[in-house]
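Protein chains in written order, with my numbering: chain A, 1 to 49; chain B, 1 to 738.
I should point out that these hints are in silico values taken from the structure, not numbers from a laboratory.
Here a beta-carbon is modelled for each residue, glycine too, at the ideal position from N, C-alpha and C.
Possibly wrong hints are sitting among the right ones.
In silico EDC-like links for lysine to aspartate or glutamate, alpha-carbon gap of 16 Å or less [unchecked claim]:
hint : chain 1 : residue 1 : chain 2 : residue 2
1    : A       : K27       : B       : E115
2    : A       : K27       : B       : E109
3    : A       : K27       : B       : E576
4    : B       : K619      : B       : D661
Where chain A lies over chain B, by a calculated footprint (3+ residues, C-beta under 8 Å) [as the list claims (entries may be wrong)]:
hint : segment
5    : 44 to 56
6    : 67 to 73
7    : 627 to 633
Per label pair, the in silico range of CB-to-CB distance [as the list claims (entries may be wrong)]:
hint : chain 1 : residue 1 : chain 2 : residue 2 : range
8    : A       : R40       : B       : P497      : 36 to 42 Å
9    : B       : G498      : A       : P34       : 47 to 53 Å
10   : B       : P467      : A       : L42       : 53 to 59 Å
11   : B       : Q170      : A       : P34       : 36 to 42 Å
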Amino acid sequence: MNAFLFMLPAAFGLALAGLVAFLWALKSGQFEDPQGDASRILMDGDDPE
Amino acid sequence: MTAVKSGRPSGLSPAGGLALAQDPAAFMRERDGRKSLDILVRGASCGGCLAKIESAVARLPGVALARLNLSTGRLRVEWTGALRSRLVVEAITSLGYGASAFEPAKADEAGAKTERDLFTALTVAGVATAAIMFLSEPLWFGTDLPQETRTILRWISALVAIPAAAFAGQPFLSSALASIRSRRLNMDVPICLAVVSALGLSLFETINGGRHAFFDAAVMLLFFLLIGRILDARLRRQAYTAANALVAMQTATATRIAASGSTEAIRASDIRSGDMLLIAAGEQLAADVEIVTGESEADLRLVTGEIEPASCRPGQVLHAGSVNLSVPIRVRALARADQSLMADVARLLEAGEQKKSAYRKLADKAAEIYVPQVHATAALGFVGWLIFGATPAQALHVAITVLIITCPCALALAAPLVQVVAAGNLFRRGIYLTSGDALERLATVDHVIFDKTGTLTLSDPVLSDAPCRAGLVAEAAALARASHHPFSRALVRAAGPGPVASDVEEHPGQGVSALVDGRKARLGSAAFVGVPPGSGSELWYAVDGRAPEAIHFEDCLRSDAHDTVARLKRMGLGVELLSGDADVRVERAAVAAGIKQWRGGATPLTKARHLEALQAAGKKVLMVGDGLNDAAALAGAHASIAPGGAIDVARLASDCVFSGDSLAAVVTIIEVARNARARMRENFAFAALYNILALPVALLGWVTPLIAALAMSGSSAVVTLNALRLSREARKNAGAAP
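Please work from the sequences and hints to get the whole structure.
Here's what the structure looks like:
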């Protein structure tokens, strides 16, 4: 029973944290341009030519 | 005639390769001194393109933001200062990419929001399902679990499931309520009933310490159904975006003449009836107009399908899609649909679209059979168990498990999954669907009608193989370079780069004259050089002191037209050619393409009538066409396809638009659609089979939460895998083709 009291809040807290993090990412437009973002990470900061 | 010529790389370029007059200034928006412009970029496909385009635009003076979305091809530019928007577009086109400014549609943003909301609901349902599974596992397998532990686990499940279902179930609930209000039950009614009753039953069992609670099943149900819903929304938005992008590429601007005499660039959509417009030589008309001043020639290929330009003078009406060829003209815009041709087309378009919306989708048909069947079985189970002496609570338990286990997860996933995969396959080959249920209709066609000009043939005429004097083409090309006439352009393409003659003078409706080696030379119609009229598809070249010589032109059949027609016939489809052009040329094209049934001189009305007659006789007609004269037929046909060079109205009236010069796309579309339909039917058959197996189990009262969870995820997985087979088939076919 004691294990319940400790494990359940921990598990649900983690799940909730994951959910909130994902929804935040969704809302802040991180899935708007998956192709472009994949390329941008390879670009240097300065002029690419 | 040997009609097979190599194609030109056109992509989705406007018909005839004529550059549309587009002044991006009309699409620029300004707020607090900051100007912004949305541009649709074509051809950007990798990180290199992205970097090149962004840095080229960012280098322009005053640019504060240049961000390209590689997934959608949209570039947003923001700047301050006096930079002209035309320079922004030119910076991109000079890199070799296509660029056209556009107005982001409001409906598109609404679609994006719906999709995001559905995605949020899916995430919540997914996390809740995982959390409840984690609690359910001991309930399923822990046979020696003490009762109070079970009760605690169930209460926690309830605490997760009820808020999650209340949130994630909203899309279904609102749709179910709407369908009840309109008295036409849709699939969402049994879904809501199943979820609500499952939650209610589980809560009841939890409070009373009963045997089974179905919290996991209720949330999992929503999770799977939301996947189907998202795929459906995405498909519809993709189709919508494709249609929009096509419009954006074609969206022209016009030059309006104000009362003061000054000119300004406006969007074609902002043209009002009565506006005075200036139409430059080579400009395509964005609206129906009446000519006020100026005598010129108009290319009517997209309007009537005739390849010879018509002369036009003040008082005459020109329709949208015509191209002004020789000299600038002033015109007055007319209200839409008050002219006979346009009015006919508009009326036929409307009638066609109504017919199309009356088409009942496979999924709707399935729902119609499914909904009453399931509810009747649940009621039957309830009554049956009461008769055999069960308590009302036990009987209700059975009825509710029937509702849960038969819930249409597989059914809801069956169609959208297949459609999304098939649409993706087509998209990769440059074929864009502009309506969601197009695939189902395309799969069932049994008769194909082609338009000639611009569809079976490339839209530009080419030099015929008729023999002519050596050097004639090169000499005449010097004059032709000064003209927008389609024959002149064909002549120039054949001659290649070279000098332009001096002292060129345009004679509207007749031809051009110029000085060649100090002598007066003329290039134009038979009457212009003073010879009796010929077949009409030739230009005459005359130099003072020499007899006029003719240069003949002809339609250039798409290189794979004959092959495509043969393949369509092998697939068991009837093929027919229906064109507005002269009989001689239609017959020639029909023979070259191997089409036996043909008809020339068809007006928009006769095209639409012919189609109606065929469909009344039970044929399912696929119309392939590109012009205004085809639009009504395209809208009225069972299914329709337009090439990328088609006029706006035709593209929007079509289910499908293909880019490139290859007519084989028509075969590809039908093949993919047929495959997709086969997969869809298999999926529906599987869903039905699943229900037939699951129903007796539920009616006998054997359904436990574990069985419900396994049945639901198992059937969804089978349907998904079957849909994905479509993708593998496509890859195999692509691998086999060169």
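*Coverage claim, chain A over the segment 44 to 56 of chain B, checked by counting residues with Cβ within 8 Å (three needed)*: holds (count 7)
*Starting from the hint 36 to 42 Å, judge whether the C-beta atoms of R40/A and P497/B obey it.*
Cβ of R40/A to Cβ of P497/B: about 40 Å, so the range 36 to 42 Å holds.
*Mind checking the alpha carbons of K619/B and D661/B for me, to see if they're no more than 16 Å apart?*
Judged against 16 Å, a Cα distance of about 28 Å means the pair is violated.
*asked:* Given the hinted pair K27/A and E576/B, is their Cα-Cα distance within 16 Å?
replied: Given that 16 Å is the threshold and the Cα spacing comes to 52 Å, the pair is violated.
_If you count the residues of the segment 627 to 633 of chain B with a beta-carbon closer than 8 Å to a beta-carbon of chain A, do you get 3 or more?_
violated (count 0)
*That 36 to 42 Å hint for Q170/B and P34/A (C-beta), does it hold up?*
violated, 27 Å
*Kindly confirm whether 47 to 53 Å is satisfied by the beta carbon distance between G498/B and P34/A.*
holds, 49 Å
*Cβ distance range 53 to 59 Å for P467/B and L42/A, holds or violated*: Given range 53 to 59 Å: holds, Cβ gap about 58 Å.
*Is it true that the CA of K27/A sits at most 16 Å from the CA of E109/B?*
holds, 14 Å
*Given hint E115/B paired with K27/A - CA-CA distance at most 16 Å*: holds, 12 Å
*8 Å C-beta test of the segment 67 to 73 of chain B against chain A, three or more residues*: holds (count 5)
Consistency note: the structure conflicts with the earlier hints numbered 3, 4, 7, 11.
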